[in-house]
Amino acid sequence: MKPVRAIIADDEEALREHLKKKLSSLWPELEVMGVAQDGEAALSMIRALKPDIAFLDISMPGMSGIDVAKAAAGACLFVFVTAHDEFAVEAFEREAVDYLLKPVTDERLTNTIRRLKERLVVAPVPDLTGVLERLSRALPKAPSHLQWIKAQHKDGVRLIAANDIYFFRATDKYTTVRTRDGEFLIRKTLKGLENELDPAQFWRVHRAAIVNARLIQKVDRSLAGTRTIRFKDLPDNLTVSRAYAHLFKQM
Amino acid sequence: MIEPLDKREFQQLTLKRFAAWSVLNALINTVIAFIIAGVGLSKGFAVTLIFSQCIGFSIFFSNLAVLPVYQRATRLRTQVLIVAAAVIAGSIIGTLLGALANGFRPIQFFQEHFGYFTQVILFALLFGFVISYIFISLSVISEEKIKRLEVEKAAMEAELRLVQSQMEPHFLFNTLANVRSLIDSDPRRAGDMLETFVAFLRTSLRTSRERTVPLVQELDVVKNYLDLFTMRMGSRLRYKIELPEALRGVRIPPLLIQPLVENAVKHGLEPSIDGGEVTIAAERADGRIRIKVTDSGVGIREAAGGSGIGLDNVRRRLAIMYGELGRLVIEENSPSGVKATIEIPDELKGTTPHHDPLPVPEVGASRRGERR
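Line by line, the protein sequences give chains A and B. Residue numbers for the first sequence follow this note's numbering, so the first one is 1 and each next one is one higher. Residue numbers for the second sequence follow this note's numbering, so the first one is 1 and each next one is one higher.
Among the clues, some could well be false.
To be verified - Here are some of the chain B residues that sit facing chain A, going by a computed Cβ distance under 8 angstroms:
#, residue
1, 173
2, 176
3, 178
4, 233
5, 270
6, 271
7, 302
8, 327
9, 329
Stated by the list, open to error - 20 angstroms max Cα-Cα, derived DMTMM-like pairs, lysine to aspartate or glutamate:
#, chain 1, residue 1, chain 2, residue 2
10, B, 153, A, 233
11, B, 292, A, 233
12, A, 22, B, 186
13, A, 191, B, 302
14, B, 292, A, 181
15, B, 266, B, 227
16, A, 154, B, 286
17, A, 21, B, 143
18, A, 150, B, 312
Said to hold, decoys possible - Taking beta-carbon pairs under 10 angstroms as the criterion, some of the chain B residues facing chain A (in silico):
#, residue
19, 184
20, 190
21, 195
22, 220
23, 272
24, 311
25, 324
If you're looking for bench data, these hints aren't it; they were derived computationally from the structure. For clarity, every value in this text was computed on a predicted model and none was experimentally measured. All C-beta atoms in this analysis are idealised placements derived from N, C-alpha and C, irrespective of residue type, glycine included.
So that you can see chain B by itself, here it is in the shape it has in the complex:
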């Protein structure tokens, strides 16, 4: 009856599918007629069947009619309201049509058989809502499933991207060439460099396999990466990581910050003759966690490359995990370079950020506390 609730399915409404739904609808209507006749609340099976078919198809077509609006609605509550309106409208129209088809004159039917009329309407609403509810639940489940799959896909892409950047020939061969060249001249430094490289590979791989990681672990990956580049670039690269004690345990999706640092080094500092500094700083403010990656490198030219798969992936994962509350903002840094800021909700102040955004009462309570 209300099968078209699944949006994606419906986007390709074919004649075949329409026919299948109509048949399913007719079957459900017949079953309902049997149930009503079975419990003995009818004026004969034929009358009930006609009513049931009229109402069922009215609700079916009402739902088809509101579908474009339904598809545009983004919130579940709006969607439920739209369907409820369609079910009510469909029930009323269907009852009137049924009355006509059974040979009653609608107004007369309404006046003379008021009790029966109410009964029919009530049954129409009851079955309309029950079946709508079933289909909505199914569609909600499938949407949750889609969301879960999206999360998994984005995480897998991040892992793949990591492996690609680790195995990126320039990075790999340059690092190994450095180690090789140090083996004779400075075996100690060669050893240090190899250890840092191994530490980077190990921490980043381990990190990429988790769903969320504490900030301190993600910044460990970043630190190893920067250590490696400091050995290669010498005094041209300086870095600073500012992670307040209280934020060490904040959980974030893995490899969210690493791509930003990689961009800062590759596109900001490596191309710069004088090099520069990368700063990674985390802070908690206004119920949000902000992580800033700032470099003093060459900056971004408008036609420059590397608007990057890396950034796209970061942005998409923020959107999937935190909805509107997760943001990535890229700005020019003054006097030079780029500042990338990740903003996520502070998990300490709410459990499921996506559905329950801001626990305002708590904030209010603590403010009142301060004033006292």
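Chain A extracted, bound-state conformation:
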């Protein structure tokens, strides 16, 4: 029988070396062909060296271990290594993959080795598409809404957190962004912003204004029925146009 070969990927050196050492003592016949420090390196290593097993740290710079397994699906068996079980790792056990929690213990690694040996006999490599999909969903997601606004300011680019913005107002070619620190001009249009911002937090209140609902202190209503928005710690007001008055009806 040809020797079983593996690669290890982890961005932290001590952890890489530790796993390598443990494997060599618990599974001396296993040949560790190489170690990778990030996801992309791991992927090219899998493609070039065609190992039987890849031990992949889940959080690595660039590509996560899950991304690597998705991209190299079917190429080899995967064992995920992670510092804690935030990724609903019990899913691994039901499916044909395995996982290790750091710090890796001898007992746990022995179990994994036994399972890997069994699986290596039963070819072919199982299809992991389903479980990997579920795992990526469990990974912390980048929010899909705009969280930061970049604005040219003096000779640099200011990064303004969406939470700090009181309102956006359309002015000629630009859009004015109002924060506690002052006003900034950006090129994005209100229409574009409306699509990208979190609609639960940012409300269109006027043809020319979007407001951060979290920073509204109160909405005054005049005898004529015009609603005016007032903010915490800010002298500026915004008028609500009739078309959007329904947003504040119950307030």
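The hints should help you fit chain B onto chain A, whose structure is shown.
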């Protein structure tokens, strides 16, 4: 009479509350009438009581009328002026109403009983101001109390956040996994790492429990944190701390810089394949202290997460401690990464920054000195 001065109370003006104030107002007016009648400065108790009620309620309603303006005023001086105007207007209207109610014709009353008229107006103003003053003082005290509570709350949140980030599973388990893995292969480094971890826990916990700390102590926490990550990330993380000797003792609220450094490492350098450098630099310029945390990491994408509870807390604590004078500015760093700058007033040049912002004369004096 002028109870509605407390803003928060008044925001929910209910019929019940309005009735309670009216009754209180009527009682105070009656007491005042007794006092004036008692010292013998009146044309009989009934006349005085009618005057007192008319004036009291006029002032009460004037204050109600100016309340929306009052609530929008942010400065104490403006608020006092608004109330003073309301008291004066209320006193005059009340006196005229009182004259009517007592069966005088106002113009005739003004002409024929000028001495009495002045006396009534003076009493109206006197009591109006005294009672307004009492209520304003009470409301100022309650605002100071609210501010103190806000400071305490924000500090507690910062402490809680620290504990959360120390106990954050990824940080905790990864650090311990590193120590564990080094125990066999490199016991010396394992020991060093454990010591650094303990030092980080100890300094950060101690720091979080103070109201303000010297800059050098805060940067100690930062240094331990970065040392720990340097051990983990190896050559991918480099750092530099530039703290001029003269700024070591500058006092800042605790754990103001640490979250910025944490963001730089977590969101800037850890996700970067090549890693990078974090620089923390403090400087004194234009009567202000500036602390910059710069990283050369992956930077912030507009849709990226982590606009963060950490940053919100830093910003809020700056606002509470220093008002307009405390700022947190986040910028893109060139060629890559993020630059976060904290700006606070230089405490050497003013004692209570929030109320007494810029001691301009001193600056002027030192400039003149230089020229000589």
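Status of the hints after comparison with the structure:
| no. | hint | in the structure |
| --- | --- | --- |
| 1 | 173 | holds, 4 angstroms |
| 2 | 176 | holds, 7 angstroms |
| 3 | 178 | holds, 5 angstroms |
| 4 | 233 | holds, 7 angstroms |
| 5 | 270 | holds, 6 angstroms |
| 6 | 271 | holds, 5 angstroms |
| 7 | 302 | holds, 5 angstroms |
| 8 | 327 | holds, 6 angstroms |
| 9 | 329 | holds, 7 angstroms |
| 10 | B:153 with A:233 | holds, 19 angstroms |
| 11 | B:292 with A:233 | violated, 26 angstroms |
| 12 | A:22 with B:186 | holds, 14 angstroms |
| 13 | A:191 with B:302 | holds, 17 angstroms |
| 14 | B:292 with A:181 | holds, 18 angstroms |
| 15 | B:266 with B:227 | holds, 14 angstroms |
| 16 | A:154 with B:286 | holds, 19 angstroms |
| 17 | A:21 with B:143 | violated, 63 angstroms |
| 18 | A:150 with B:312 | holds, 18 angstroms |
| 19 | 184 | holds, 7 angstroms |
| 20 | 190 | holds, 9 angstroms |
| 21 | 195 | violated, 16 angstroms |
| 22 | 220 | violated, 25 angstroms |
| 23 | 272 | holds, 6 angstroms |
| 24 | 311 | holds, 6 angstroms |
| 25 | 324 | holds, 8 angstroms |
Hints 11, 17, 21 and 22 from the list above are not met by this structure, while the remaining hints are.
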